[in-house]
Amino acid sequence: MSLIINGIAVPAPVDPRVSLLDHLRETLHLTGTKKGCNQGACGACTVLADGERILSCLALAVQYDGRSITTIEGLAQDDALHPLQAAFIEHDGFQCGYCTPGQICSAIGMAAEARRGVPSHVTTDLTADVTLSRAEVQERMSGNLCRCGAYNGIVEAIRSTVAAEVAA
Amino acid sequence: MTPFSYARANDAAEALQLGRDAAAAYLGGGTNLVDLMRETVARPDRLVDVSGLPADIAETEDGGLLIGAAVRNTALAEHHAVRTRYPMLSRAIVAGASAQIRNMATVGGNLLQRTRCTYFYDTDGSRCNKRAPGSGCDAREGFNRIHAILGASDACVATHPSDMCVALAALDATVHLEGSGGARRLPFADLHRLPGDRPDIDTVLEPGELVTAVELPPLRLAATSTYRKVRDRASYAFALISVAAALELDGDRIADVRIAFGGVAHKPWRATRAEEALRGGPATDQAVHAAAALEFADARPLRDNAFKPALAARTLAAVLGGLARGEAA
Numbered sequence: 001m002s003l004i005i006n007g008i009a010v011p012a013p014v015d016p017r018v019s020l021l022d023h024l025r026e027t028l029h030l031t032g033t034k035k036g037c038n039q040g041a042c043g044a045c046t047v048l049a050d051g052e053r054i055l056s057c058l059a060l061a062v063q064y065d066g067r068s069i070t071t072i073e074g075l076a077q078d079d080a081l082h083p084l085q086a087a088f089i090e091h092d093g094f095q096c097g098y099c100t101p102g103q104i105c106s107a108i109g110m111a112a113e114a115r116r117g118v119p120s121h122v123t124t125d126l127t128a129d130v131t132l133s134r135a136e137v138q139e140r141m142s143g144n145l146c147r148c149g150a151y152n153g154i155v156e157a158i159r160s161t162v163a164a165e166v167a168a
Numbered sequence: 001m002t003p004f005s006y007a008r009a010n011d012a013a014e015a016l017q018l019g020r021d022a023a024a025a026y027l028g029g030g031t032n033l034v035d036l037m038r039e040t041v042a043r044p045d046r047l048v049d050v051s052g053l054p055a056d057i058a059e060t061e062d063g064g065l066l067i068g069a070a071v072r073n074t075a076l077a078e079h080h081a082v083r084t085r086y087p088m089l090s091r092a093i094v095a096g097a098s099a100q101i102r103n104m105a106t107v108g109g110n111l112l113q114r115t116r117c118t119y120f121y122d123t124d125g126s127r128c129n130k131r132a133p134g135s136g137c138d139a140r141e142g143f144n145r146i147h148a149i150l151g152a153s154d155a156c157v158a159t160h161p162s163d164m165c166v167a168l169a170a171l172d173a174t175v176h177l178e179g180s181g182g183a184r185r186l187p188f189a190d191l192h193r194l195p196g197d198r199p200d201i202d203t204v205l206e207p208g209e210l211v212t213a214v215e216l217p218p219l220r221l222a223a224t225s226t227y228r229k230v231r232d233r234a235s236y237a238f239a240l241i242s243v244a245a246a247l248e249l250d251g252d253r254i255a256d257v258r259i260a261f262g263g264v265a266h267k268p269w270r271a272t273r274a275e276e277a278l279r280g281g282p283a284t285d286q287a288v289h290a291a292a293a294l295e296f297a298d299a300r301p302l303r304d305n306a307f308k309p310a311l312a313a314r315t316l317a318a319v320l321g322g323l324a325r326g327e328a329a
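Protein chains in written order, with full-length UniProt numbering: chain A, 1 to 168; chain B, 1 to 329.
Note that these hints are calculated values from the structure, not bench results.
Ideal Cβ placement from N, Cα and C applies to all residues, glycine included.
Possibly wrong hints are sitting among the right ones.
Each pair of labels, with its calculated beta carbon distance range [unchecked claim]:
1) A:Ile4 x B:Arg184: 34 to 42 Å
2) B:Thr272 x A:Asp15: 42 to 50 Å
3) A:Gln95 x B:Ala58: 26 to 34 Å
4) B:Arg43 x A:Ser160: 42 to 50 Å
5) A:Pro11 x B:Gly321: 56 to 64 Å
6) A:Asn152 x B:Asp190: 42 to 50 Å
7) B:Ser5 x A:Ser68: 20 to 28 Å
8) B:Asp190 x A:Ala135: 37 to 45 Å
9) B:Pro187 x A:Gly7: 43 to 51 Å
10) A:Ala135 x B:Thr2: 41 to 49 Å
11) A:Ser2 x B:Arg38: 19 to 27 Å
12) B:Ala183 x A:Ser160: 37 to 45 Å
Per the computed footprint, the stretches of chain B lying under chain A, defined by three or more beta-carbons under 8 Å from a beta-carbon of chain A, are [what the hints assert, rightly or not]:
13) 40-52
14) 74-83
15) 140-151
Okay, chain A solo, but in the shape it has when bound:
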């Protein structure tokens, strides 16, 4: 067995203490995924596991043996940015950029959740289709902190791309 990272099979670490985050950064040199708090409080390390957003700092790499992991490096098609990456540039969705890979992976997972009807803390009707209003995007993205405070641009980038697809 092995982990599939951005479509490429790589062996799981021998030492079970290695987090998925450290395996990505230190072993595979995929440094796009960032280490912020390393305790599940900031979201900078967010990646997609079989399309679901997770925190790679709280994930032991061995536990994801056999799973398919997508990081920020796996989103662009050759030289063409993922539409959400382009939208972050268009809407100034960052200043220092440290939280950005986690924000983008998180938003892609968020849109998939909304598409299949997962409710959020601000959802009024638990059984209705999800409409990604500004309040819904803010709540659903609350696990990703931006200490520069680029939230307005982040929300706009998300609403103009992946959130718009949910409503369509």
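Chain A is fixed; fit chain B onto it per the hints.
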């Protein structure tokens, strides 16, 4: 982290076999355990990964739901039967943690998560009877805004951090367990302990015992239920006070009611005194405040959390008022 070995269990029998060593720990989503291991608060020598065990949500014969322990928190919150028949449970889950954590965290792990008392986590210099029995408690005279007001002891004033568990307490859930002595079922209210002089022990589980499922009984009034959480920021924070409640009215009178509080004690606090006081009576603010006063009559607030009984009463009044008016949330 201290060194440990890792093994995946394919079923409960294999998990019990692998987990019989006293220093083994079961691993669900890892969202709490991995963090505790990194801080060396938890030091298991073997992790038995039970996150791949059955993760089904099935209807029971009597009209309830049987939820596999490996079901992810998100999967439970989004399940149609939960959203329609037990809305307080959906709302409690999505009030907790972040979406990333809810995607990882299992139902079994949520039950067994440990307190978020900062002194419990601070291995660098804080005394904590839960982490190091007999060392003392720095929370009792320290920063204790988030700490317990009911059922605490001289040894420990920590709270249970789960939102989901507050709903399960209100819903009269049953916990399914398997251990070396066989399988057993436990009323949810009996799972978590009050601290007493052994705050290092959170639950009544036997060593090596495994949570395999949580069962919800059929409960008609749960369809009219909700969960409200009061916290220091609008999202992604632990509760100062939370309320899970279900209400059934008969005209102006309360035919039946279920209430549980989070953020007040070492365990999710089922408010049986308040329920008894309200049952059969009017659904007025005055009656709710009187019931809350009964429930919190034995409250022992600390330096920083004297606001909690009044906040709990107001939150309960707002929640029951909203349910009585037919408001969704």
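Right, here's what the structure says about each hint:
1. A:Ile4 x B:Arg184: 34 to 42 Å: Holds - the Cβ-Cβ distance for A:Ile4 and B:Arg184, about 40 Å, lies within 34 to 42 Å.
2. B:Thr272 x A:Asp15: 42 to 50 Å: 49 Å, holds
3. A:Gln95 x B:Ala58: 26 to 34 Å: 49 Å, violated
4. B:Arg43 x A:Ser160: 42 to 50 Å: Holds: the Cβ-Cβ distance is about 48 Å, inside 42 to 50 Å.
5. A:Pro11 x B:Gly321: 56 to 64 Å: 58 Å, holds
6. A:Asn152 x B:Asp190: 42 to 50 Å: Given range 42 to 50 Å: holds, Cβ gap about 49 Å.
7. B:Ser5 x A:Ser68: 20 to 28 Å: Distance hint for B:Ser5, A:Ser68 holds at roughly 26 Å.
8. B:Asp190 x A:Ala135: 37 to 45 Å: Once the Cβ atoms are compared, 39 Å apart, the range 37 to 45 Å for A:Ala135 and B:Asp190 holds.
9. B:Pro187 x A:Gly7: 43 to 51 Å: Taking Cβ atoms as reference, B:Pro187 and A:Gly7 lie about 48 Å apart, which means the hint holds.
10. A:Ala135 x B:Thr2: 41 to 49 Å: Taking Cβ atoms as reference, A:Ala135 and B:Thr2 lie about 44 Å apart, which means the hint holds.
11. A:Ser2 x B:Arg38: 19 to 27 Å: Holds - the Cβ-Cβ distance for A:Ser2 and B:Arg38, about 25 Å, lies within 19 to 27 Å.
12. B:Ala183 x A:Ser160: 37 to 45 Å: 53 Å Cβ-Cβ, so the 37 to 45 Å window is violated.
13. 40-52: holds (count 3)
14. 74-83: Since 5 is at least three, the answer is holds.
15. 140-151: Since three or more residues must qualify, the claim that chain A covers the stretch 140-151 of chain B is violated, with 0 doing so at under 8 Å.
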